[in-house]
Structure formats: structure tokens, C-alpha cells
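Protein chains in written order, with full-length UniProt numbering: chain A, 1 to 288; chain B, 1 to 288; chain C, 1 to 288; chain D, 1 to 288.
Each hint should be verified, as a subset may be incorrect.
As the list claims (entries may be wrong) - Covered stretches of chain B (in silico footprint by chain C; criterion: 3 or more residues with CB under 8 Å from a CB of chain C, positions within the stretch not fixed):
(1) 39 to 53
(2) 136 to 144
(3) 224 to 236
Don't read these hints as lab results, they were simulated from the structure. Keep in mind that this is a model prediction, so the values were computed, not measured. C-beta atoms are modelled at their ideal positions from N, C-alpha and C, and glycine is treated no differently.
Number of protein chains: 4
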Amino acid sequence: MANSKFEYVKQFEQPDQLLPNTWVVVRIDGRGFTKFSTKYGFEKPNDKRALDLMNAAARAVMSELPDITIAYGVSDEYSFVFQKSCTLFERRASKLVSTIVSTFTAYYVHLWTSYFTDIPLSPPLPSFDGRAVCYPSIQNLRDYMSWRQVDCHINNLYNTTFWALIQLGGMDATEAEQSLKGTFSADKNEILFSKFHINYNNEPEIFKKGSVIFRDYELVEPGTHNVVEEVEKMAEPIQQSKSQAEKDKKKRAKAPIVIEHLDIIKDDFWDRRPWLLSNKPGQIPKET
Amino acid sequence: MANSKFEYVKQFEQPDQLLPNTWVVVRIDGRGFTKFSTKYGFEKPNDKRALDLMNAAARAVMSELPDITIAYGVSDEYSFVFQKSCTLFERRASKLVSTIVSTFTAYYVHLWTSYFTDIPLSPPLPSFDGRAVCYPSIQNLRDYMSWRQVDCHINNLYNTTFWALIQLGGMDATEAEQSLKGTFSADKNEILFSKFHINYNNEPEIFKKGSVIFRDYELVEPGTHNVVEEVEKMAEPIQQSKSQAEKDKKKRAKAPIVIEHLDIIKDDFWDRRPWLLSNKPGQIPKET
Amino acid sequence: MANSKFEYVKQFEQPDQLLPNTWVVVRIDGRGFTKFSTKYGFEKPNDKRALDLMNAAARAVMSELPDITIAYGVSDEYSFVFQKSCTLFERRASKLVSTIVSTFTAYYVHLWTSYFTDIPLSPPLPSFDGRAVCYPSIQNLRDYMSWRQVDCHINNLYNTTFWALIQLGGMDATEAEQSLKGTFSADKNEILFSKFHINYNNEPEIFKKGSVIFRDYELVEPGTHNVVEEVEKMAEPIQQSKSQAEKDKKKRAKAPIVIEHLDIIKDDFWDRRPWLLSNKPGQIPKET
Amino acid sequence: MANSKFEYVKQFEQPDQLLPNTWVVVRIDGRGFTKFSTKYGFEKPNDKRALDLMNAAARAVMSELPDITIAYGVSDEYSFVFQKSCTLFERRASKLVSTIVSTFTAYYVHLWTSYFTDIPLSPPLPSFDGRAVCYPSIQNLRDYMSWRQVDCHINNLYNTTFWALIQLGGMDATEAEQSLKGTFSADKNEILFSKFHINYNNEPEIFKKGSVIFRDYELVEPGTHNVVEEVEKMAEPIQQSKSQAEKDKKKRAKAPIVIEHLDIIKDDFWDRRPWLLSNKPGQIPKET
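Excised from the complex, chain A in its bound form:
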């Protein structure tokens, strides 16, 4: 019984390769997490366990997919970045997105009990959706990352104030919302400080900055590398010899994957970690 009669249906599969030589960002988002966070009693405005679980799942994704150079997470979303020369899965969008979403979900569910030790998961289970976006230049990519971190800041300042008004100020949700209508950042800082003696600057970095995950090497002196120029000259999808690729792979496998809560908007973060943009592994720190 040959299958040839029906095989024509494969012709309907349409190609979805992403434009070469562009930075690929896959962003995933929790589906219905407002409801989900209520069901499991997430602390407000931030639940440290939930963020740590997100970070653990993201770190596992980076570990299983070494082509990812950096990831940034906030709340129930995570962005994963592939360097522009990456050719994983021939850059097919659905393959890249579905693999990341599936791997992330697997770890989120699997690791749940390590972070929420007292409440087992029950249906409907947590799930995530995702999409891929191409950014042609380093500036575009960095602006994307900045956009997410600014969003983190705006939302966290709002939520911190909103929940202070409720938890410490005795307001209900409607009153808190009303109080914050039309306020600027400075106003919210002021409310926090004057009413509740909270200095927003002293809030945990993970809440204020979100989480950035990357392979860690020795920091370099700013100004000693011109990564931008070097990277923009890279024209072709793959430019490496196989032996170089093999060496890089080993170096990457050795590098620790770290989770930090740093400012990724300013140049300093990128200047001192040229490997994030160049895709060339840095120096493994000597053990001491």
C-alpha cells in the first residue's frame, strides 16, 4: 500500500524561513495568567516564586538551545534572541517558535513543585504562546530589549504603588486605580514614600529590572571592542569554518549560564559583553 496517492498534500506546506542576517527574537507570553495567578494565589504585586520558576524554565531553554545568545524576562513573558547569523532549523519561524514554547512549557510544568511546594498543578494547566520577529540592525535589537525593560519599569512602578494603596492603604481596587489616574513616575514615587515610607529604589532588582540570562565570560574593558562595526560587516548567514564552530560550541558549553537583573538599556551592559552581539564566545574566567 503505497502512500503516493495522498502525498500531494505536502505541497500545501508553505515555507516560513525568516529573512537571513537579521536578529530573531522569539517572545513567549503566558496564556490567561491573570486568572492563573489568582488560582494559585500569586503574591501581589510580584511573586518571587513565580519569577524564579519563569527564570528556571528560561535557563533550561537556553541550555537546550545553545544558539540563543540572550534572553530577557519580565512577569509572564520571556524574549529569546538568536544572533543574526543563526541558521538553526533553517530559520523556519514555526519550528523556532514551537520548539522554544514547548521546551519552556515542559520545564515550567516539570519544575512547578520545586517553586510552589504546597500547591500541585491541576487542569487547566499553564501554557504559553509565542511569535518570532526579525530585527535587521543592532540598534533595532537593542531598542527592542530596551522597550521590554522600560515596560517592566513602568508596570512595576505602577503595580507597586497600586498594591501598596490596597495592601497598606486599605483602598479597594477601584479607589487605587482612581488615585493613580494621570500620575507620572515622580508622583508614584512620592506616594510610595510619603504614604508608606517605601523608597522605590530599594525594591528588589528582579522586580525593577526584570531578568536577563546569558552565558557568562570575563568582562572586557569598555572601548576595547567595536562590536557594532564588526557585526554589521557580517553579511552572510554562516561564515565559520566547521572547526571554529566546534571550538565555539565547546567554549559555550563550558560557560556558566547566569541570571542577572541589570540595566540592559545603557551601552555599558553591551560594551562589556561583546560576545552577546558578536556570537564569538569570550574568555572563560579562571577558577580561583
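Chain A is already provided as a structure; the job is to place chains B, C and D on it using the hints.
Quick look at chains B, C and D alone, frame taken from chain A:
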């Protein structure tokens, strides 16, 4: 701190809506399942626990996404079908694919211990990738389904014979492969019967036919509905009044989701279940 | 001097094949034709020479691209339809669109002096843009065609009344526009008749119905063919033997390409010309 | 008679915007120009009239679409480049391609008699197809342009030698082809010189280099601009104030559009004409 300076990066998101009025099939596949099945000692040629787990995860997907009208699974793959008038997530490919992949993965990991009671999951965890394909006509859709079921048959007959030669005939993998080179279906049936007294027809239906999942209503007499004509006349993405949609939704929620191992190539399966193509719920069977 | 160093740039060409088994409509539109028609003194509301030139160019397109089964034109736009099994240029959108636009433009410019005998073309020259759209079912395709013909009717009734108010009624454009604000079809018919003794039904068919171009064969009795069912069963892009294709090609070459001004909304037009949907040539009329 | 019943068909139009912040190249090619050039007796290996006509049509395209910054033509093909910040037609691929193809064709047909004074066009008329490709970086774009010019060189050296063997050496096509099999550039130069006393270097530049069309301003000293860095920092599709855009538009309108036959592979061409990449008009030369 406004976010407007960076928000331009949203312009790089490119639309990926699937063509209206076409059947959408999302097929997911296990990533690296050869290695995975070895790690967890899956029985060969078929592991009943593994198939039951796949089916349980797929049933959960159908339960959480009522827009799916039918699903078909074999081995480590599953195909989910959305009726051509479906407008879920505005038919955005990445959203449809990632949601299905994520939900499936979540249940697969979560339900693992119910089916593999003695071996807990450990990293690297199982994951799946997926893609969406549009089929313009009922004939195309049915040919797609037939393609998968014929594939199931071809692979299962081969694997059953291959593993019989090894497990019962004492061959190693190379010898078994060599024995089967160039053989036709009839030859494999003959090998099974003459050497091992196995009548392939008596093998379990779940292995021979795969699994089909759908909402179950009362079967209709073949020939009383002309679904094809009716469905092809449906031209617009949405044609229902809201109240009708609401009624249908309730009916669907009441219908049991069943897992069967039937021939989905022949007309009979479709003729007796017009709701699978028409997207109009059938009659809920009376309790007896 | 090998070219291999630069050839990698070909990788950036992204595929744009249109979904198989769908009707492809390429619609072209005149660019800036309001200005253009003023420059060459087109008669208002309709310029017969301009429409005849559009039709002549469209007929030439159909003659050079026999895969087109029907075309419909109104004002400065034309729609060309490829049967759903068509595989011309591997269904690449840019190739289909650019070829039609280019061929149409070539004939429009070349034939200009045959229709506008007294005014030669001068820069800026007339040009057209185009796009391709896929329609999965016959109903969708016919609704597309109906949409264009209804548009023709609506615009022509409006324009006929508008210009009557100006040319015969002595109004200026603003007054005419004001008079027609909020009027229905019946009102416009009434204005034409009561004020100017114009019976809209007696207006030339080419103005009221637009122009439809197709290969002509002997009409069939309505009800003797069930083209819809037959066509919907066609599942694969190509189903013909080469010899059959060759025969069909010859028959098509013999069939006269006609320009008519018929109602293409009602079933009758399609029922009597089954070849338009089936892509099977009809009977060449016997000469008498 | 409202058109709403059919208007749903507009939903089937799928978006085709090109990725922002990438260089857009629209390349058009003559359809069936081997046959066409025979029909009109084009001189071999190059017909100066035919090339001049191509250049005249391309110049007209650039004049009507000021968003095009540079164009490069060889034989029956032409490439038109839009700067990466260009937002013409919202970057819709089909609109960009069809407009260029149509405008080019219109001028090609219209200007035919100015270049081929003795042979009027007759059906089938010349036509062109086209496609759009995105290049993310300056390096990619320049490599694309280099690819076309190297192709021009390779083909022209081959054709010059091939036709010398036929026209001067008395060979037939098969013999000439056979003679050139496996030869390198140096061999062909040698054949031309030793057999026919032709120094390939002295061939006309238009044949050897192809034609490049651009707006001309005062050349700048190489090294005084770092256009690459400046351009790569441009992140957003539009960055100009309206008044600046207006000024630039006027400057562009004043700049002469020139047709040259220069080396566009080396840096010098681009270094001295920074406006080609930066999209900022240069200095209009003072009249003397």
C-alpha cells in the same frame, strides 16, 4: 518615563494570518523521540503507555480549545484540525501553533507519572515542534488525514515485522533491516505469519489505525446528509448569529470527547459524523 | 573571476508561492487615473475610447496568457482569474502579478493611438499596479466577481447622475455632490428620469455592467452540468495527462476570445459556460 | 443596492509589507528576450540601441519614483534600490514591484521608436517580470550590486568571445561553444587578442560594466564621511521631520539623473557618493 521612544520596534512584527475559508491543520511532532524513547525504555514496536499518554494530552488540548473539530495521532505526532470557518486568534499561524504545542506539552509532562508510574521525567524533558498548513477543500483535508493513516499502517507493519525478527527471530537490527529490504506488504504479512504465527490483522487497532479524537454525537444514517455540498457553499469566515454560536458552544461542551481507532480513509467514517466537517454539533445521545 | 563570493545574496529571495488549489485573482488598477483622465480629456462619466482600450489590452493579456480563464473590467481596473489548478510560474505571486501588469501596460501604451487618434501619449505615461488574491472556493470567487460588478453598478449610477446634474442641470461639482448625499438607487433613477428624461436602463451595457472577457464555446443547457461538485472534487494542482493538456491547449487556441457586457452575478452566466470554472474547454461552435 | 453582501471577499487579501529597515531591491527581467531580440534583429553580442532604450526606461522610472536611490542595469534586466528607511506604498511588495514593472514597460514601449527607428513594435509586445528582495545591511546590498556587475562581466566576456569566433572566426554556434568549454577569463582574453586582435579592455564601458543610474551631486573626498556607521544607526523607518523631507525632495528634484558605466564593486564609487546610502541629498554642483 514613556515607552514611546522604543515602541517603533512593534512595526517589525509581521502579520501571519492564514487564508480564510481553508481547513487549518496543526501537526506537532516529538523532538528527538528516538533518543527519548530509548531513555525511558519504551516497548518496541509500540509502547501502549506512550500512546495512551499522547492521546490523553491530545484530548486535553481538544478540551481546552473547542474550536478543534478532530485530531489524529500516531507514534509521536498529532494533527489537530480547525474547521475552515474558524477564526480563533484571528487565524494567526504562530498563535495557533504555539498554543497547541504548549498546551500539549504541558499535559504530556504533567500526566507522565500517570502512565509511566515507575520512571520520573528528568532533563532533557520531552518537547514538540509544530506547524500549520491550510487545506482549501474537504477533499484536500480528507486526503491529508488519509495520508497520515496510511503512513501509520506502512510504518506499523514494517516495525511489527522488524521487531518480530529481532525479538522472536533472534536477528540483530542490521539483519532484520536486510531481510525487509524490497519487501511488499504481502511479504511482511507472510513473514509474520509463517515464521512467528502472528496474524497482523489481529494486532491491536490502536497500533494499526492510530487514534482519532472527536466530539461524539449520535451517528446519522449515511446518505441523509450532503455535507460536502453544504460546507463548500459556506463562503465567509463567520456566518453564525451570536445566539446560535452560544447554543453550539453549549452543545459542544456537553458532547463527550472520545478516542477511537477507526478507519478514517473510507467515506463511512465521515458520512456518519457530519458534524466533523459541518461544524454544526450533532445530537447528544440520550442516556439510557 | 568567479561570482561565487557574492552569490550568497540569492538566499535573501523569499518564496511567494500562492496556496495550491485556490482561485487566483490578479487585479490591476490605473495609477493616478483621475489626473490622467483629465490630462487626456476623457469624456464624463464614461469615455468609450478609454474603456475599449482597457478591453483591448485585457484581451491581449488573455491571449498571451492562456491560463487565464476569465477577466472582468470596469473603469481603470481589471481582474484576471486563474483556475485553481493552475501552476503557471509555480504560482509565484510576484511573477504572476508583474507579468500581467507588464503585458497589460505594454498593450495599453502600444494601442493608445488606435483609440485616442488625436492625442499622443506624453510623460508621465499611464501605469498600473496589481496584486494577487487567493479564493479557496467557487462561492468565494463568484462573490469576488459579484463584488466588482456591484461596485461597477453603484459607481456608474452615481456618476451618471452626478454628471447629468452638471452637464445637463448646470450645477457645479459641489452642488451635484450635495444633491446626491444620502440618496438611494431609486432616488438617482428618479432624478435622472424626472429631471433629464434619462432612463438609466437604456444606458449602454458596457457602462452598466462592465466588461467580461472569456474564451467562447457553445453554450450548454443549464442543469446539464454540475460543475461545482466536479470542481470541488479536484484536489490536486495538476491532474491532467500531458496529451490531454496538449489537446486542451489546442482547443483553447481555437476558441475566440470575446468581450461581453453580461450579468455575472446570476447563476445563469456560469451555468451555461461550465468551462469557465472547470477549466475544460467546451465545444467550438460550428461555422455556418 | 449595497455592496456589503460581497465585501467580505476583501478579507482574503493578505498583507505583504516588506520588513522595515531593510534595503529593498526590485529586479525586473525581460520575458522571453532571446526570442524577442531575434525578432527585432538585435546586434550581437550587444545592441547599443537596446541598452540605451533599457537605460532610458530606467531613468524614467527613477524620475517618476524619487524614492529609488540607485539602479543598475545589464542586458535585459534592471535592479532598482530603495533606501532602507523608505516607506513608499507602506513597503507593500506587490505594489512596489508592479508599479516599477508597469512604469518601466510603459516607457520601453513608448520610447521604442526613438531607438529602433526603422522597426515598429508588433505583438507579442515586450514585457518584464519583477520581484522584490530585502537586504538587511549595507554589506548585503553592496554584495548584491557586485553580484550583478560581476555577472555582467562574466557574461559579456563570454559573449564577446563567442560572437567573435562566429562573426570573425567563421565558426557556427556549436563550434564556438565547444571552443569555450572550460576556459577561464585569461583564456578568453587571449583568444580575443591572438585570433582577432581585440583587446577586451578597449571594449565600450557600457558593455563591460553595465549601467548605473543615480542622482548626481558634487563628489566628496573619500574618508570625510563614515556613511556605513551613520546609516546602520538609523533604526526607524522614518526619522525625518516633514520640513526636512520637503527640503530633501526639492533638492532631489533639482539633481540631474545620470547614467554612468562605473565600477560599483570597489569602495571608491560609494565613498565619494555618500548620498546613495545615506538617503540625504548631496550638494547640487554650481553652474559654471
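Which numbered hints does this structure break?
1
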